[in-house]
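Trainee: Sequence:
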Amino acid sequence: MSFIIAASVFIFTVTLHFIISPELDTVTKHPLADLLSALVIGLFAFRSYIRRRDRLQMVFSRIRTVADLNHHVRNALETITLRIYSTGDQALIKDITQATQRIDWALREILPDR
54 MSFIIAASVF
64 IFTVTLHFII
74 SPELDTVTKH
84 PLADLLSALV
94 IGLFAFRSYI
104 RRRDRLQMVF
114 SRIRTVADLN
124 HHVRNALETI
134 TLRIYSTGDQ
144 ALIKDITQAT
154 QRIDWALREI
164 LPDR
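Here my numbering is used: the first residue of the sequence shown is 54, the next is one more, and so on.
Calculated from the structure, these hints are not laboratory results.
Any given hint could be a false lead.
Pairwise CB distance ranges (calculated) [stated by the list, open to error]:
#, residue 1, residue 2, range
1, Phe-113, Met-54, 49 to 59 angstroms
2, Ser-61, Phe-113, 22 to 32 angstroms
3, Phe-56, Arg-117, 27 to 37 angstroms
4, Ile-156, Ile-57, 46 to 56 angstroms
5, Asp-157, Phe-56, 47 to 57 angstroms
6, Asp-157, Ser-90, 56 to 66 angstroms
7, Ser-90, Ile-156, 52 to 62 angstroms
Keep in mind that this is a model prediction, so the values were computed, not measured.
Heads up, the beta-carbon is just placed ideally off N, CA and C, and yes, glycines get one too.
Work out the full structure, taking the sequences as your base and the hints as a guide.
Mentor: In structure tokens, the structure reads:
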């Protein structure tokens with residue numbers, strides 16, 4: 054992509070030089086400057102592409118981490134919820150059920166599955 058941008062800039066500026074100053078002397082001197090300009094622009098475009106790609110990889114990595122965290126927390130909550138019923142303590146069952154519901158809400162609303 055950066056090569057296409059650099060080549061387009063080069064062709065565009067050389068064409069403009071031919072249209073604006075048709076004298077052969079200035080036309081032959083400008084393409085070297087135009088080529089260098091296009092290479093610099095291509096380098097900036099390439100660096101911009103690399104930065105964007107790196108940022109996207111970092112974001113996807115974070116999303117995978119959040120999904121893994123969500124999975125592990127949900128599994129642990131299921132175990133806690135199932136085990137608490139074996140105690141028969143209704144007050145404890147109520148407290149832990151409410152707490153697990155709040156955690157489940159947070160996982161659904163704040164850290165949605167993606």
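Trainee: Next, verify each hint and record whether it holds.
Mentor: Status of each hint after checking the structure:
{"no.": "1", "hint": "Phe-113 - Met-54: 49 to 59 angstroms", "result": "violated (20 angstroms)"}
{"no.": "2", "hint": "Ser-61 - Phe-113: 22 to 32 angstroms", "result": "holds (30 angstroms)"}
{"no.": "3", "hint": "Phe-56 - Arg-117: 27 to 37 angstroms", "result": "holds (32 angstroms)"}
{"no.": "4", "hint": "Ile-156 - Ile-57: 46 to 56 angstroms", "result": "holds (50 angstroms)"}
{"no.": "5", "hint": "Asp-157 - Phe-56: 47 to 57 angstroms", "result": "holds (51 angstroms)"}
{"no.": "6", "hint": "Asp-157 - Ser-90: 56 to 66 angstroms", "result": "holds (58 angstroms)"}
{"no.": "7", "hint": "Ser-90 - Ile-156: 52 to 62 angstroms", "result": "holds (57 angstroms)"}
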